[in-house]
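First to last, the protein sequences are chains Z and S. Going left to right, the first sequence walks through residues 1 to 374 as full-length UniProt numbering numbers them. Going left to right, the second sequence walks through residues 1 to 374 as full-length UniProt numbering numbers them.
Certain hints may be false.
As the list claims (entries may be wrong) - Sample of chain S residues lacking proximity to chain Z, with all beta carbon distances greater than 10 Å (derived):
{"no.": "1", "residue": "196"}
{"no.": "2", "residue": "227"}
{"no.": "3", "residue": "270"}
{"no.": "4", "residue": "295"}
Unchecked claim - Here's a subset of chain S near chain Z, in silico, CB distances under 7 Å, partners left out:
{"no.": "5", "residue": "333"}
{"no.": "6", "residue": "334"}
{"no.": "7", "residue": "346"}
{"no.": "8", "residue": "347"}
{"no.": "9", "residue": "360"}
Derived by calculation from the structure, the hints in this document are not laboratory data. As the structure is a computational prediction, the values presented were derived from the model and not from experiment. We treat Cβ as the ideally placed atom computed from N, Cα and C, and that holds for glycine.
Number of protein chains: 2
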Amino acid sequence: MSAPGTDVPSTPPAPLDHFWAVVPAGGAGTRLWPLSRAAAPKFLRDLRGEGRTLLQETVDRLEPLAEDRFVVVTGAAHRPAVVRQLPQVAAEAVLAEPTPRDSMAAIGLAAALLERADPDAVMGSFAADHVITEPAVFAAVVTTAVEVARDGWLVTIGIEPTHPSSAFGYVQQGEDLEGHPGAARVASFVEKPSPEVAAGYLASGGYRWNAGMFVVRPGVLLDLLAQWHPQFAADLRAIAADGSRLEELWPGLPRIAVDHAVAEPAAAAGRVATVPAGFGWEDVGDFDSLAALLGADGADAATGPVVLGDASLVEAVDSTGLVVPSGRLVAVVGLDDVVVVDTPDALLVTTRARAQEVKAVVAALTESGRTRLT
Amino acid sequence: MSAPGTDVPSTPPAPLDHFWAVVPAGGAGTRLWPLSRAAAPKFLRDLRGEGRTLLQETVDRLEPLAEDRFVVVTGAAHRPAVVRQLPQVAAEAVLAEPTPRDSMAAIGLAAALLERADPDAVMGSFAADHVITEPAVFAAVVTTAVEVARDGWLVTIGIEPTHPSSAFGYVQQGEDLEGHPGAARVASFVEKPSPEVAAGYLASGGYRWNAGMFVVRPGVLLDLLAQWHPQFAADLRAIAADGSRLEELWPGLPRIAVDHAVAEPAAAAGRVATVPAGFGWEDVGDFDSLAALLGADGADAATGPVVLGDASLVEAVDSTGLVVPSGRLVAVVGLDDVVVVDTPDALLVTTRARAQEVKAVVAALTESGRTRLT
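Next comes chain Z alone, as it looks inside the complex (with noise of 0.2 Å):
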């Protein structure tokens, strides 16, 4: 999902006032199973092979617009971690939910704390779980983000799809926004399409892959809440005013995500503006996105499978795919486009095309009791 486009910017990244990197750290990451577990989600791996983790990633290339000014919000379980995977990020802006409750409030209550502790913030939400190939157009495209959501928009950055894809979600652009060249309005967000719509989408220029990353003032965002949720908002405002009540409210707070919650009905109000981007973008959603990301495409016999992690780890014969090694030997003979995970206590093996289908396998364990290899 390389999309070449945006050029990369001539001058380096610089520090946004007053910007706020919020990182979302969730998901199970079930189709990524047994690399992702729920005790070690995909957000806490190195599913590129090169040194860093996914999250560590995200704060990388948000830090030279964030400087310091980070927070992460995960659940009670990883937030030891996160806290050690970072140290950059103060731990005490490493928030722990107390239960899983869906995006809306895992950023909203950054938001509501944002809005109390510096009235100019700015705040930009990035799932700690996607790669990015091209951090310098990454930056230059969130500080034209920034740049809108400082006159009140609540601001997406739009993806530009590189092929039909019928597994994200698009964001419809409308009118250009004046003042801001590049900046759109956006007319809708549009659920997964089917291929055949998906490839409609790509034809006419007009859609977006809709990346989940939102750029806007705290208190723009609570107030936007605030018309279609307004409990929800004041819960959060609450938990922000006195952090006592947040193990109260908490519990009662609604399981939505944000943009069912804010984006889509701001965007029929006319509220939401899109700045596009070029950068390449996975959200390695399975093992057929990883291979893909790990150049296993167009792959051939001679070339063989994919390695992520110790190369030497693996000996395939007339095979193509991804093996993932983890300190055994791994021998692939006479299979097309495979994946085999191996980890210390499960091992999966399957293919690019049934990648998806491994939820299942965790389904399965989950039912049967067997949740210490989930």
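Chain Z is already provided as a structure; the job is to place chain S on it using the hints.
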């Protein structure tokens, strides 16, 4: 390759006077890597998951006929394991070959020792790495073969072919043998044929698989050997007469199979008989035949892959084939006729159709000096 045909005898097998079972326990089993290793070849493994190794099963099925009259010939490196696995065989009856010298040397050494130890001996030689699924039929066939061998014949047991295999050599039957109903002269031994030629053999009804099972009086075997390889026979008899000469003479013995050294020329000289056999027989040469032995043929996604080992360690989604777990969970998603073999230090993933090519992995490991894994 289960071969119905011969009826199961109604009387249990009885010990055969002066019958000695000779068990050559050799062969690396490279195509069964990583289950079979140089340090732990397939005859030392429980390949059926029934709690007995192939070597132990070989001795089990011969014990009713041979009682305690066994000679096992194995590599020096494997002798301790063989002795441990066979408490019912006297340790001094487990001979160690100083170096591998193929089957004529191994069987000939046993013959030379037995010729001196028991002038009335009839020996039967049975490889330690075959599976026989109808031991009662096997016992009846061996009983007949021993009777024929007492009359001075070199007797080979000819397995009734169930399909036109090109993986085995064949025995061409000649005229019936007088005085021994069911037995016949051997017209010739033929090498592994093409599939077309094998189909002709099957249709003709006059050919049987050569399973390398020979029954013969030791002196007859050595006298036959002496006709074509006089020095070989003399050296074997010299070793038997004075065990201290083993180290001196063994390295000079020819590397040749008993089939080529004796059976083929003896057949041409009219000295070989065959007893037909219809017991289920498998040489378990690779994971494809192991999968068949364990019932993988005709399985579908509903039945799933056959499992050698703890089936609770295997989670299969829409898959068939063979899985050999080794303590860790093995999940297989969307693969037909897959072969997954998990061991503590090496993992193999292939298909039944490509199972023969596993030896290429072993060759690559050997070439790169990773013999610890071979």
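Status of the hints after comparison with the structure:
no. : hint : in the structure
1   : 196  : 25 Å, holds
2   : 227  : 45 Å, holds
3   : 270  : 46 Å, holds
4   : 295  : 20 Å, holds
5   : 333  : 4 Å, holds
6   : 334  : 3 Å, holds
7   : 346  : 4 Å, holds
8   : 347  : 5 Å, holds
9   : 360  : 5 Å, holds
Comparing the model with each earlier hint shows no violations; every hint is respected.
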